[in-house]
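Chains as they are written, first to last, in the numbering used here: chain A, 1 to 274; chain B, 1 to 396.
Worth flagging that the hints you see were computed from the coordinates, not collected in a lab.
Note that this is a predicted model, so its numbers are computed, not measured.
Built from N, CA and C at the ideal position, the CB exists for glycine as well.
Treat each hint with caution, since some may be false.
Here's a subset of chain B near chain A, in silico, CB distances under 7 Å, partners left out [what the hints assert, rightly or not]: (1) Ile18; (2) Val20; (3) Ala28; (4) Leu31; (5) Asn62.
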Amino acid sequence: MSDRGRASYDALFARLRSKGEGAFVPFVVLGDPDPETSLDLVRALVRGGADALELGLPFSDPVADGPVIQAASTRALAGGVAIADCWEIVTAVRTDFPDTPIGMLVYANLLFRRGIADFYVKASHAGADSVLVADAPVLESAQLAEAARETGIAPVLIAPPNADEATLTSVASSSEGYVYVVTRPGVTGTDERLRDTSHLLIAQLQRLGSAPPLLGFGISKPAHVRAALEMGAAGAISGSAVVSHIASSAGRKGQMVEAVGQFVREMKEATKPS
Amino acid sequence: MKLPRYFGRFGGSFVPEILVPALEEFEAAFLDARVDPEFTAELESLLATYAGRPTPLYRCRNLTADTGSSIWLKREDLLHGGAHKTNQALGQGLLARRIGKHRLIAETGAGQHGVATALTAAVLGMECKVYMGTKDIERQEMNVFRMRLMGAEVVPVNQGGCTLKDAINEALRDWAASYETTHYLLGTVAGPHPFPFIVREFQRVIGREARQQFRDANDNRLPDAVIASVGGGSNAIGIFSDFLDDENVRLIGVEPGGEGLETPRHGATLLKGTPGVLHGAFSSILQDEDGQVLESHSLSAGLDYPGVGPEHAYLKETGRAEYVSCTDGEALQAFSTLAKAEGILPALESAHALSEALRLVRASSKPLHLVVNLSGRGDKDLGTVNLHLPRTGGAS
Numbered sequence: 001m002s003d004r005g006r007a008s009y010d011a012l013f014a015r016l017r018s019k020g021e022g023a024f025v026p027f028v029v030l031g032d033p034d035p036e037t038s039l040d041l042v043r044a045l046v047r048g049g050a051d052a053l054e055l056g057l058p059f060s061d062p063v064a065d066g067p068v069i070q071a072a073s074t075r076a077l078a079g080g081v082a083i084a085d086c087w088e089i090v091t092a093v094r095t096d097f098p099d100t101p102i103g104m105l106v107y108a109n110l111l112f113r114r115g116i117a118d119f120y121v122k123a124s125h126a127g128a129d130s131v132l133v134a135d136a137p138v139l140e141s142a143q144l145a146e147a148a149r150e151t152g153i154a155p156v157l158i159a160p161p162n163a164d165e166a167t168l169t170s171v172a173s174s175s176e177g178y179v180y181v182v183t184r185p186g187v188t189g190t191d192e193r194l195r196d197t198s199h200l201l202i203a204q205l206q207r208l209g210s211a212p213p214l215l216g217f218g219i220s221k222p223a224h225v226r227a228a229l230e231m232g233a234a235g236a237i238s239g240s241a242v243v244s245h246i247a248s249s250a251g252r253k254g255q256m257v258e259a260v261g262q263f264v265r266e267m268k269e270a271t272k273p274s
Numbered sequence: 001m002k003l004p005r006y007f008g009r010f011g012g013s014f015v016p017e018i019l020v021p022a023l024e025e026f027e028a029a030f031l032d033a034r035v036d037p038e039f040t041a042e043l044e045s046l047l048a049t050y051a052g053r054p055t056p057l058y059r060c061r062n063l064t065a066d067t068g069s070s071i072w073l074k075r076e077d078l079l080h081g082g083a084h085k086t087n088q089a090l091g092q093g094l095l096a097r098r099i100g101k102h103r104l105i106a107e108t109g110a111g112q113h114g115v116a117t118a119l120t121a122a123v124l125g126m127e128c129k130v131y132m133g134t135k136d137i138e139r140q141e142m143n144v145f146r147m148r149l150m151g152a153e154v155v156p157v158n159q160g161g162c163t164l165k166d167a168i169n170e171a172l173r174d175w176a177a178s179y180e181t182t183h184y185l186l187g188t189v190a191g192p193h194p195f196p197f198i199v200r201e202f203q204r205v206i207g208r209e210a211r212q213q214f215r216d217a218n219d220n221r222l223p224d225a226v227i228a229s230v231g232g233g234s235n236a237i238g239i240f241s242d243f244l245d246d247e248n249v250r251l252i253g254v255e256p257g258g259e260g261l262e263t264p265r266h267g268a269t270l271l272k273g274t275p276g277v278l279h280g281a282f283s284s285i286l287q288d289e290d291g292q293v294l295e296s297h298s299l300s301a302g303l304d305y306p307g308v309g310p311e312h313a314y315l316k317e318t319g320r321a322e323y324v325s326c327t328d329g330e331a332l333q334a335f336s337t338l339a340k341a342e343g344i345l346p347a348l349e350s351a352h353a354l355s356e357a358l359r360l361v362r363a364s365s366k367p368l369h370l371v372v373n374l375s376g377r378g379d380k381d382l383g384t385v386n387l388h389l390p391r392t393g394g395a396s
């Protein structure tokens, strides 16, 4: 057992603290729209200033995702992307950027298909630091977390706005590297206005001694990033907003890469002290 | 959760964390209601005076003439709404009302569960939204009309294969945002715990009645086998459950063989699937090497689902139940046979079970006494049958 994954996040948050910055963490679905472009997009995310990455494996039935990220999975799978192709992208990203924490966002069936242990070994070899299983709540997470830790991968859990004290206590003690704090009910998507109620949840997690909370769901504007930090989050995760740039530049690769890079620069800027 | 979430190694609650409190609330409501005489009385009254329970067990007069065998049909097709789905829709609807929800959402494939949810919402005074794949909307137009007449909003789902699997995805997404006011009235024994458990308990009435009716008519003897079709698996679990302890009664589930198990166009989840997680449960699913869920195929919209309830995966693994398949063509043939012999139009789903019963009778050297769950009526399938029957040669 090692804590390589957690250590990678710890180092990131220490760096950011010393600069007085929050973390900006963009998300894309690997293989969207094709493996080669996907690798270039991920590189553009880091070069645009991403502090860490959330990388989704495409899945046929992404029930936690709204239409934008569903469409990204569909594009990747329609293009014939296999999970092995995705691990190759992760491996390449890891080689290019040794210090950027890489989080994987996956669905449970992708783990069960070839065996849980096998999945985490592959993730670890590719260079991933954390794995969040979107449809494995605390209730079902024990065996997954154990297998993750065996390979040095940090298991990440979700803290939703409706969680009771017992669930939050489990999330705080089990989620390593960071805690994914969900701003609102529903599935992933872009919101016009960010709900301002997450500060209570964040305060509760901090009282329980959790890993740093990153706020996700609905984060699509620099103002949302600032609001997340004001509510006490260590940073913000943005998925649908990034992916919508990929969708709107379909067929124009250069423009696509430029658009996501520019979006990340703007969002990252909002994490810096004014 | 208070109840066991697993059947052996199958089951569980694989849902986004946001839905766990809603599942817990639903389980608690069920446990509380089940010991409340008022709840039981209201459900039983609705089942008797509104839905038409008990349904008859009919011994076919002509189907097995001269063979010495008998086929007994559990007539869930006569239930209000046209299928067994009404049993548990009423049960869940009462539970939802008990915990203060005023809106029901549901998925539907053939439309029978959508109709059952729509009529439940109407009779209990609740709002209703039904998610349905566009392919199913096309092939089950009359049920869409029925739902709308009863005040339900039918939402077309145009993703994936545009069938039941995709409708469930959309219903789960709706519920993740609406759980405070809304109950997701899942239509089968699949999905996350506690659905497989609770839906079974509300469908158990099918087997309880059938077992008693068969014994009453046969000097307390039991049938040789109980046969039911399996899509998600609720009509089969419903008729199997009270026979589980009767070791000499074979329990046979019939999966949709579609165009044949040797082709990719079938829905035989237990026979051809592998263990995996779909829609909240670890069960048997149709999937590729990577774990991407495959499209299923069946002429019968209600069986066209690449997953199956976890208890069936368990019953198959333990060997207590047997699972076989029946092709689209064989189901059409059985449909036609029953219509001519007995004047009953079975749902294409139920025709799968009947086809296996007829096969067993033909293959047996001794008389067999079989109970078939005639889970629904065939009116909804007339368009499909009209389109396909002549080509299979069954209408001659």
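Each hint, compared with the structure:
no.	hint	verdict
1	Ile18	holds (4 Å)
2	Val20	holds (5 Å)
3	Ala28	violated (13 Å)
4	Leu31	violated (17 Å)
5	Asn62	violated (45 Å)
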